[in-house]
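Trainee: The primary structure of each chain is shown beneath.
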Amino acid sequence: MKTTSLFGQAGRISAVAAALTATFAAAETPTLSNPLISAVLDGHYQSEDRILGREKGFGLGETELAISANIDDMFYGKITTVLEVHGSETEVELEEAFIQTLNLPAGMGIRGGRFLSDIGYLNNQHPHTDSFVERPGVYRAFLGSHYFDDGLRFNYLAPTDTYWLLGVEGFSGDSLRAADESGEREYETVGVYTAYTKIGGDIGDSSSWQLGLSYLRNENGRMSAHEEHGHEEGGHAEEEHGHEEHGHSHSAAYTGENMYGADFVFKWAPDGNYKYQHLTVSGEFFRIEDFMPLEEHHEEEGHEEEHGHEGHGKDYMQGWYLSSVYQFSPHWSAGIRYGQVDTQLMHEDHFDAQKLKETDVMLAWHNSHFSTVRLQYTRQDGTNFDGFTDDNIITLQYVMTLGAHGAHQF
Amino acid sequence: MVRISSNWLNASLLTLGLGIVPMASAELNIFACEPEYGAIASELAPNASVYSATTAFQDPHLVQARPSLIAKMRRADLAVCAGAQLEVGWLPMLQMKAANPAMNSTDRGLFFATDHVETLDKLDKVDRSMGDVHAEGNPHVHFSPERLLQVARAMASKMEQLDPDNAAAYQANLKQFEQRWQAAVPQWEADAQELKGKKVIGYHSNYRYLYDWLGVEQTADLEPKPGIPPSSSHLASLLSRAKQGDISAIVVASYQDRRGADWLAERTGLPVVVLPMTVGGDDQSTDMFGLYSSVIGKLKGTVQ
Numbered sequence: 092m093k094t095t096s097l098f099g100q101a102g103r104i105s106a107v108a109a110a111l112t113a114t115f116a117a118a119e120t121p122t123l124s125n126p127l128i129s130a131v132l133d134g135h136y137q138s139e140d141r142i143l144g145r146e147k148g149f150g151l152g153e154t155e156l157a158i159s160a161n162i163d164d165m166f167y168g169k170i171t172t173v174l175e176v177h178g179s180e181t182e183v184e185l186e187e188a189f190i191q192t193l194n195l196p197a198g199m200g201i202r203g204g205r206f207l208s209d210i211g212y213l214n215n216q217h218p219h220t221d222s223f224v225e226r227p228g229v230y231r232a233f234l235g236s237h238y239f240d241d242g243l244r245f246n247y248l249a250p251t252d253t254y255w256l257l258g259v260e261g262f263s264g265d266s267l268r269a270a271d272e273s274g275e276r277e278y279e280t281v282g283v284y285t286a287y288t289k290i291g292g293d294i295g296d297s298s299s300w301q302l303g304l305s306y307l308r309n310e311n312g313r314m315s316a317h318e319e320h321g322h323e324e325g326g327h328a329e330e331e332h333g334h335e336e337h338g339h340s341h342s343a344a345y346t347g348e349n350m351y352g353a354d355f356v357f358k359w360a361p362d363g364n365y366k367y368q369h370l371t372v373s374g375e376f377f378r379i380e381d382f383m384p385l386e387e388h389h390e391e392e393g394h395e396e397e398h399g400h401e402g403h404g405k406d407y408m409q410g411w412y413l414s415s416v417y418q419f420s421p422h423w424s425a426g427i428r429y430g431q432v433d434t435q436l437m438h439e440d441h442f443d444a445q446k447l448k449e450t451d452v453m454l455a456w457h458n459s460h461f462s463t464v465r466l467q468y469t470r471q472d473g474t475n476f477d478g479f480t481d482d483n484i485i486t487l488q489y490v491m492t493l494g495a496h497g498a499h500q501f
Numbered sequence: 016m017v018r019i020s021s022n023w024l025n026a027s028l029l030t031l032g033l034g035i036v037p038m039a040s041a042e043l044n045i046f047a048c049e050p051e052y053g054a055i056a057s058e059l060a061p062n063a064s065v066y067s068a069t070t071a072f073q074d075p076h077l078v079q080a081r082p083s084l085i086a087k088m089r090r091a092d093l094a095v096c097a098g099a100q101l102e103v104g105w106l107p108m109l110q111m112k113a114a115n116p117a118m119n120s121t122d123r124g125l126f127f128a129t130d131h132v133e134t135l136d137k138l139d140k141v142d143r144s145m146g147d148v149h150a151e152g153n154p155h156v157h158f159s160p161e162r163l164l165q166v167a168r169a170m171a172s173k174m175e176q177l178d179p180d181n182a183a184a185y186q187a188n189l190k191q192f193e194q195r196w197q198a199a200v201p202q203w204e205a206d207a208q209e210l211k212g213k214k215v216i217g218y219h220s221n222y223r224y225l226y227d228w229l230g231v232e233q234t235a236d237l238e239p240k241p242g243i244p245p246s247s248s249h250l251a252s253l254l255s256r257a258k259q260g261d262i263s264a265i266v267v268a269s270y271q272d273r274r275g276a277d278w279l280a281e282r283t284g285l286p287v288v289v290l291p292m293t294v295g296g297d298d299q300s301t302d303m304f305g306l307y308s309s310v311i312g313k314l315k316g317t318v319q
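Taken in sequence, the protein lines are chains A and B. Numbers in this note's numbering are just positions in the first sequence, counted from 1, shifted up by 91. Numbers in this note's numbering are just positions in the second sequence, counted from 1, shifted up by 15.
Chain A on its own, in the form it takes in the complex:
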């Protein structure tokens, strides 16, 4: 039993004393010799190519290996590596490598390194916790499925009875850069800034909710006018990979200078008991503005640009989805999701409107919390997506986690 004198030592004033005396305790009590080590196995068979998503045939999704632990009483650290297979090549990608403060006062927290941005509802969650095979189209188009990057986050949790979180982040923004059409573009080295807020609470014992608003400023997100002609995809951040890379590119396909987002999630379980049945309804909306090349383009080729505006080129791109998943027994869940994305494809001097409508229906079997086998049907209806026709896609997927897997987010 700890005495009051020990409390004095371990008080906020002396981090050193605290590090020496405090036994740091999480429920899983990871220690020096026992950090949490977990792996995620994700594989699938898919009947057709998905627009901005997984390829047809057999394939692996994100095979993930993560290690996390409290570093000391002050810091927590986590490393997540992802193995991705592109055809015959296997790439190792570092998806997370961050430190997080644990002992800052007054509800403050700082995270630094490489981590998932906290904008939106889904973005900061690992894809293996998703209820559908792929992120919604809007995430694949605007955030490279899930946006992680090198940067710094500061957040503040207000001492209110209703959950209220405020946060700002700065990132290198490499994966959200617009294409360099001229080959001479000078990018900002800190390219992306985000700001977000989330509020949430309970309604009785059975229901819980969360609402979020986010803003992402991308200094390198605006497209540049391209000088050589060619049939290039406007704003595609990684031109060189083109269409080969469905499903594995973590670069956003469409970028702009300003992105606004709104999200909500509502969960319900009988008496708040999530063991047997529960319902999750969620939706998000993102809108990108200021993506078209700047004035000099107007001056030089005003006519075409105007044509673009009149004809197809709206000066914004946007997307949204609405998803509902019901776990009707500990072993089974079913869900439906509809989403839409409206994007603009730069084609020489004008923009062509693209539209993707997706309807997903899925049925999942959970042998335990750690193993899921999912059958999903997708109806994708794409307009102006090169090489894609309207498709019915069937995907059979497994997602399994092994090792000491950490707690899930709301």
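Hints are computed from structural coordinates only; laboratory data are not their basis. Ideal placement from N, C-alpha and C gives every residue a C-beta, glycine not left out. Check the hints yourself; a few may be wrong.
Simulated DEER-style distance windows between Cβ atoms [as the list claims (entries may be wrong)]:
1. B:Ala251 to A:Glu182: 46 to 54 Å
2. A:Thr220 to B:Ala150: 20 to 28 Å
3. B:Lys137 to A:Leu493: 50 to 58 Å
4. B:Arg168 to A:Thr253: 43 to 51 Å
5. A:Leu156 to B:Gly316: 38 to 46 Å
6. B:Pro241 to A:Gln368: 14 to 22 Å
7. B:Ser255 to A:Ser298: 53 to 61 Å
8. A:Leu454 to B:Lys211: 21 to 29 Å
9. A:Tyr417 to B:Pro201: 48 to 56 Å
10. B:Ala251 to A:Leu454: 22 to 30 Å
11. A:Trp423 to B:Pro241: 37 to 45 Å
12. A:Thr192 to B:Lys211: 53 to 61 Å
13. B:Ala205 to A:Trp423: 44 to 52 Å
14. B:Arg195 to A:Tyr306: 52 to 60 Å
Assemble the complex: chain A is given as a structure, and chain B must be docked to it using the hints.
Mentor: Quick look at chain B alone, frame taken from chain A:
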């Protein structure tokens, strides 16, 4: 001297913390992972503000790390939880998100009941193929009257540590609780005499400590493995087990699905009893005393 400067620092941080009322330090703000620990906290600190993250109708293994809990933990001075990995699926996420340094260390405002008692069924080796088992042993210790008292004593010490100004009050409340508890235990034991040696089928090992105390034997679980819900093949095997005729009842806790139990009851004629898992689980279970009386009363009423 360290204490003084630390308090001064705390005070200034609280002022910076935008709207935390300084008088909060006078009465503890307590976050209970489960109602039983909230109930003990209320016995020891009747004026404290106690919030329970779960109810008797919720499986404490499976709780969402939801925004309301993060907000509550953000403002808590003390969190009282079972530990032994019962809350492993959600507490670490709350700790991470609540940004409250006091919640991170058992040297400060974090209290795990199972740190202060000897648990039953500790395991040397844990494998997921064994189901949802805890190496630290069975975490549902609140049905052991002796362990519960040990937990109450440790919790009172924790409260004294966090709020030394009211140390005398916590000690006095503990003494009072101890006396009432020690007076009640022999009565319950006498009352439950007839339960000794009875065999039941349970859903999960929720009442491991209760049965250990009262001499009841849980011969089989409706769950094929801990945390895995009853399957038809497993229920069929229980059916043949039950036909041996030595089992008195099927016991289900207040948050558990009773369909498997009803299926078995229909085919065996065995009675099913739903026991409150914790405080709030039925009308009688308004505190720990009511909970024990209710559980023993209901078991007796069924087993006869």
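Trainee: Hint by hint, say whether it matches the structure.
Mentor: Tested hints:
At about 49 Å, the beta-carbon gap between B:Ala251 and A:Glu182 stays in the expected band of 46 to 54 Å. With their beta carbons about 25 Å apart, A:Thr220 and B:Ala150 fall inside the hinted range of 20 to 28 Å. Checked against the hint of 50 to 58 Å, the C-beta distance between B:Lys137 and A:Leu493 comes to roughly 23 Å, which is inconsistent with it. Between B:Arg168 and A:Thr253 the beta carbon distance is about 36 Å. The supplied range of 43 to 51 Å is therefore violated.
In this structure the hint that A:Leu156 and B:Gly316 lie 38 to 46 Å apart at CB is violated, the actual value being about 53 Å. Checked against the given bound of 14 to 22 Å, the beta carbons of B:Pro241 and A:Gln368, roughly 20 Å apart, stay inside it. Distance hint for B:Ser255 and A:Ser298: a CB-CB separation of about 42 Å, inconsistent with the stated range 53 to 61 Å. About 49 Å separates the C-beta atoms of A:Leu454 and B:Lys211, a value inconsistent with the hinted range of 21 to 29 Å.
For the pair A:Tyr417 and B:Pro201, the supplied restraint of 48 to 56 Å holds, since their beta-carbon distance comes to about 50 Å. At roughly 26 Å, the beta-carbon separation of B:Ala251 and A:Leu454 lies within the given 22 to 30 Å, and the hint holds. For A:Trp423 and B:Pro241, the Cβ-Cβ distance of about 20 Å falls outside the hinted range of 37 to 45 Å, so the restraint is violated. Take A:Thr192 and B:Lys211: their Cβ atoms lie about 54 Å apart, and the range 53 to 61 Å holds.
A beta carbon spacing of about 47 Å between B:Ala205 and A:Trp423 agrees with the range 44 to 52 Å that was offered as a hint. Between B:Arg195 and A:Tyr306 the Cβ separation comes to about 57 Å, which falls inside the hinted range of 52 to 60 Å.
The structure does not agree with the numbered hints 3, 4, 5, 7, 8, 11 stated previously, though it agrees with the rest.
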